[in-house]
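A.B. asks: Letter by letter, the chains look like this.
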Amino acid sequence: MAANILINGAIIGAIYALLALGFSLIFGVAKIMNLAHTAFYMLAAYFIFIFAYQLGLSTISSVALSIVTTTLIGVGTYKLFVERVREHETTVLMITIALALVFQECMLLAFGGHFRGAPSFISGYVELLGVRVSDQHLLTFGVVLACLLGIWVLLSKSKLGLTIRSVAQDREIANLVGINVGRICLITMAMAVALAAISGAMVAPIFVLEPHMWMHPLIMVLAVVVLGGLGSLKGSFAGAFILGYTETFVVFLVPMGSFIKGAVALAVMVAVLLIRPEGLFGVAFEEERL
Amino acid sequence: MRKGLIGLVGVCLVALLAIPACAPTKPPVETIKIGVIGPMTFVQGEHHWRGAVMARDEINEAGGIKVGEVMRVIELVKADSNEILSVPDAASAMEKAITVDKVDFLVGGFRTEAVLAMQDIAMDNHKIFMGCGASHPELCMRVAKDYDRYKYWFRVTPINANYLGQVNFLLFGMVSSVVRQELGIEKPKVALMMEKAVAAEPIVKVAHALAPKFGVEIVGDWRPSPTATDVTAELSAIKAAGAHIILTYFSGPVGIPYAKQWGELKIPAASVGINVEAQKKGFWDATEGKGNYELTMNMYARVKQTDKSIPFYDRFVKEMGEFPTYNAGTYDAIYILKEAIERAGTLDSDAVVTELEKTDYRGGGGRMVFMPRDSDIPHDITWGPGYVTALGTQWQDGELKCVWPPLGGAWEGITYEGTVAYKLPPWVIE
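Those protein sequences? They're chains A and B, same order as listed. Here the numbering used here is used: position 223 in the first sequence is 223, and no number is missing along the way. Here the numbering used here is used: position 92 in the second sequence is 92, and no number is missing along the way.
Please note that the accuracy of each hint is not assured.
From chain A, some residues computed to sit far from chain B (all C-beta separations above 10 Å) [unchecked claim]: (1) 76; (2) 109; (3) 113; (4) 151; (5) 158; (6) 187; (7) 209; (8) 210; (9) 222; (10) 234.
The calculated label-pair distances, taken between Cβ atoms and stated as ranges, are [claimed, not checked]: (11) 93/A <-> 177/B: 56 to 62 Å; (12) 217/B <-> 121/A: 37 to 43 Å; (13) 90/A <-> 427/B: 52 to 58 Å; (14) 418/B <-> 93/A: 35 to 41 Å; (15) 123/A <-> 96/B: 56 to 62 Å; (16) 399/B <-> 123/A: 16 to 22 Å; (17) 398/B <-> 153/A: 20 to 26 Å; (18) 81/A <-> 399/B: 33 to 39 Å; (19) 208/B <-> 161/A: 55 to 61 Å; (20) 387/B <-> 122/A: 44 to 50 Å; (21) 96/B <-> 146/A: 50 to 56 Å.
So these bits of chain B aren't anywhere near chain A, every CB distance computed over 10 Å [unchecked claim]: (22) 53; (23) 174; (24) 195; (25) 199; (26) 253; (27) 285; (28) 409.
Calculated directly from the structure, the hints in this document are not laboratory data. Heads up, the beta-carbon is just placed ideally off N, CA and C, and yes, glycines get one too.
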């Protein structure tokens, strides 16, 4: 059972981490609480379905096109609806949740409430410590690690990363030293939406494709980033695995109660926040952010 | 001269205007308005509508419904209940269909909570409502408790939840005997994998009570949410528990990831029970074919339950591109209504109710007779040998085949033409 919990917890944690990564990134840099984040993941999954099943393109081409299309839509909606109200956090919350609902209704109109599947990259399974893990789950795990590594390299080793970090630390100072803060926020938004689209590509073959598929992940993503500390990438990573392992423990130790695994995970989040209100890697005061 | 020309033009204009008025006019066609109520943006509502359209077209092409001495044609009114997302929306849709659209009869409904609300509105307006989706016995128990108020309700599909439970165990009995024979296991181990839904509770309870009678051992209950998106952890736990059979109940979308992951991970346990998503043609694509060998209870399959079954099934698939689910029972419901109206010779609800109670109709879903007024569940569709039996259907290499009632008449001597043998998944045998 220990091996089962170890492996399944890691897989579920990786899925949550991939979803939370982009959300955390855009909040950390632009202070945008993008509640439409998982709606972009839903859009990406539908685009893969359209390109692969309706237009007959290969899975790889469908995924690539889907990521590009979703990112363009993300950038477009940011420019049209979010950029001008970026400083008003409550307005951003309302606009992004409204956008998510608009995307949902559009998909409902176009595809109806049918439950569908998106194509997998690979099929089959491998046995790890006697536990069967599907190749798609393993691939998702690998992609999470690759994305995390990629984001870390970008932020810590590149000039763009340095600029992004400067904006994240202090937008006013960054502006004073000549950094185009608006442009950096736009680039970060594009990166965040692209990460959501990658999540869609990886996770959609595992989950069910339907217009409301963004809602549950949004709750888990919010839980992950709040638990890890708003805007902290390493916090999101840690939070994702804590919630993933909590859910797996519930399934294996209380199988009758596996329907409450999400609620138990959220209860763990609440317990942690009671002890450390800023989250595991969050900052209590802006001055602490380095 | 000019005056004469103007006069001629005037006469011509008057003549032109007068011609249509003098022509023999076609009497206006009298209609019967039937409201089709269901969640129209979801597959359930689409099937409600398509079944009703098929019945309307066939009946109207044949001349319509004879009400007394007058032939009337059917006019369908689409009412989107949106009941999957909102029960209040369903009540509003029912109110509108009755008070604004002025429908004469109603067919449809899907979600029990919503149908209970819609039923009250229809009953208070004395409108006959033929249920084609909700399975809870309470809908018909209300008729027993307060006949005068609820007599306008009849359930056509599916069989009620108690009967669904019985069929579930008949399917389970068939699979457990195959497991015993083919795997040589005297006392198979069973995992209960049922979503956390009200309708699943009695099945879980009965499964535990009946396990000794079936000669099986229950190794655990796994109760994911109906909307769970990933059940690999549950399946890993079931494999670790050494189960040979998984008894399922899935009415929600969780049925897709379950079947996909069960097939992909080749969990060595036969899957049997209720998986509503597996009743649909799209299931094969949604699981990328990994749902092969999934066995689910069903109301329709391409087998000869009556002479109407296969023509109905084939036409539905041809026009809709989908297998009919129990919501397509609107097809039979409208034919049942037609016969009752013609016998009554009037559209008066009370007279039609009296005739509906005498229904003995052979439709696409079997022989349909309503439970009598003195039963616990009046106006419910009768289940059992010789009536509607329900079916067990299994995915076999891309086709949904009927496997229950089994070949050889092992259940009450019934086998429908077109039935095939149940197959254990090869990875279970290995």
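A.B. asks: For each hint, tell me whether it holds in the structure or not.
C.D. replies: Do the hints match the structure? See the list:
Under the 10 Å C-beta cut-off, the non-interface status given to residue 76/A relative to chain B holds; the minimum distance is some 26 Å. For residue 109/A, the requirement that its beta carbon stay farther than 10 Å from each beta carbon of chain B is not met, with the minimum near 7 Å. Annotated as non-interface, residue 113/A brings its C-beta within 10 Å of a C-beta of chain B; the closest such distance is 3 Å. Annotated as non-interface, residue 151/A keeps its C-beta farther than 10 Å from every C-beta of chain B; the closest such distance is 24 Å.
Chain B leaves residue 158/A outside its interface by the beta-carbon criterion, the shortest separation being 34 Å against a cut-off of 10 Å. Under the 10 Å C-beta cut-off, the non-interface status given to residue 187/A relative to chain B holds; the minimum distance is some 31 Å. Not every Cβ of chain B is farther than 10 Å from the Cβ of residue 209/A; the closest lies at roughly 8 Å, contradicting the non-interface assignment. With a minimum CB-CB distance of about 6 Å to chain B, residue 210/A fails to clear the 10 Å threshold, and the non-interface call is violated.
No beta-carbon of chain B comes within 10 Å of the beta-carbon of residue 222/A; the shortest separation is about 17 Å. Remark: the non-interface label on residue 234/A is consistent with the geometry, its nearest Cβ contact in chain B lying 24 Å away (cut-off 10 Å). Checked against the given bound of 56 to 62 Å, the beta carbons of residue 93/A and residue 177/B, roughly 58 Å apart, stay inside it. Between residue 217/B and residue 121/A the Cβ separation comes to about 39 Å, which falls inside the hinted range of 37 to 43 Å.
Judged by the Cβ atoms, the range 52 to 58 Å given for residue 90/A and residue 427/B holds: they are separated by roughly 54 Å. As the Cβ distance of residue 418/B to residue 93/A is approximately 56 Å, the hint placing it in 35 to 41 Å is violated. For residue 123/A and residue 96/B, the Cβ-Cβ distance of about 47 Å falls outside the hinted range of 56 to 62 Å, so the restraint is violated. Remark: the range hint 16 to 22 Å for residue 399/B to residue 123/A is upheld by a beta-carbon distance near 21 Å.
Range check, residue 398/B to residue 153/A: about 45 Å between beta-carbon atoms, so the 20 to 26 Å window is missed. For residue 81/A paired with residue 399/B, a C-beta distance near 48 Å fails the hint of 33 to 39 Å. One distance hint, 55 to 61 Å for the beta-carbon pair residue 208/B and residue 161/A, holds here, with the actual separation near 58 Å. For residue 387/B and residue 122/A, the Cβ-Cβ distance of about 48 Å falls inside the hinted range of 44 to 50 Å, so the restraint holds.
For the pair residue 96/B and residue 146/A, the beta carbons lie near 53 Å from each other, so the given range of 50 to 56 Å is met. At the 10 Å boundary, the C-beta of residue 53/B stays outside the reach of chain A, the nearest C-beta of that chain being 17 Å off. No Cβ of chain A comes within 10 Å of the Cβ of residue 174/B; the nearest lies about 26 Å off, and the non-interface call holds. In this structure residue 195/B is not separated from chain A by more than 10 Å, as the shortest Cβ-Cβ distance comes to only about 7 Å.
Listed as a non-interface residue, residue 199/B keeps its Cβ farther than 10 Å from every Cβ of chain A; the least gap is roughly 14 Å. The beta carbon of residue 253/B sits about 4 Å from the closest Cβ of chain A, which is not more than 10 Å, so the claim that it is off the interface is violated. In this structure residue 285/B is not separated from chain A by more than 10 Å, as the shortest Cβ-Cβ distance comes to only about 7 Å. With a closest Cβ-Cβ approach of about 36 Å to chain A, residue 409/B is found to remain outside the 10 Å limit, as its non-interface label requires.
The structure shown violates the earlier hints numbered 2, 3, 7, 8, 14, 15, 17, 18, 24, 26, 27.
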